[in-house]
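Enquirer: Sequence:
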Amino acid sequence: MSNIVQQVWRILDSNPSIRRDLSLGLINTSALARYLIKENKIKGTLDGVIGAIRRYDHGKHEEVFSEAYTLLGQTVNLFTRKKVAEIALKKDEDVQELLPKLFEIIKYIQGDILRIMQANESVRLLIDEKNLEKVTELFPKNKILAIEKDLAEIDIYIHPEMQGTPGILAVIANEFAINAINIVEVMTCPPEMLFIVKGEDLIQVHDVLNKLCQS
1423 MSNIVQQVWR ILDSNPSIRR DLSLGLINTS ALARYLIKEN KIKGTLDGVI GAIRRYDHGK
1483 HEEVFSEAYT LLGQTVNLFT RKKVAEIALK KDEDVQELLP KLFEIIKYIQ GDILRIMQAN
1543 ESVRLLIDEK NLEKVTELFP KNKILAIEKD LAEIDIYIHP EMQGTPGILA VIANEFAINA
1603 INIVEVMTCP PEMLFIVKGE DLIQVHDVLN KLCQS
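According to the working numbering, the sequence shown is numbered sequentially starting from 1423.
Any given hint could be a false lead.
Pairs of lysine-lysine residues, derived as PhoX-like cross-links and limited to a Cα-Cα distance of at most 25 Å, are as follows [claimed, not checked]: (1) Lys1529 / Lys1552; (2) Lys1571 / Lys1552; (3) Lys1571 / Lys1504; (4) Lys1552 / Lys1505; (5) Lys1523 / Lys1463; (6) Lys1463 / Lys1505; (7) Lys1504 / Lys1552; (8) Lys1529 / Lys1571; (9) Lys1513 / Lys1565; (10) Lys1563 / Lys1505; (11) Lys1563 / Lys1523; (12) Lys1465 / Lys1504; (13) Lys1633 / Lys1620.
The set of hints was computed from the structure by calculation and includes no laboratory data.
Let's have the full structure, built from the sequences with the hints guiding it.
Expert: Here is the structure:
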């Protein structure tokens, strides 16, 4: 397979909106080829790129996304929460020793939230803003890397089959991107999928997900 074909196919693989329009016959192949050459600086002839587009098997992707859309239409429930804060902490022994004390502050029985995520260099906490002062007082200032307030959480109770279905997250992320919505964090804890976004985007996010999950 030529480098031109591989390059064109990689571009189409990474662009679900173009793939979908191709599968529906909504895109002029010659116009798409010119666009790809210009935007991606493809060093090939127009005929070569057109040939690569025509040989592209977009059906393999559409089957995956079609099933994902179908299952999303069977979503059980959507729940939202305002006034969420994220705290980024240094990942070291001092922080590890202090983390258990969080459970003395966070009251699950009162509906408080506590999400803890760890990466290679940091530990991130998602909490209610009302608990922000108490939580930040728990950790030395030099252990706190960043604090972000005015976030919102969307909790999706997914259909059981979604756990083993490819494309679910990709479909949601694509819908968010189309609507210019940035995802701050995403977590899964079956049967729930959690998205953290800016508080100002909450109404739009709820509208997008509501339409997607009832489609």
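Enquirer: Which numbered hints does this structure break?
Expert: Checked against the structure, the hints that fail are numbers 5, 6 and 12, while the rest are satisfied.
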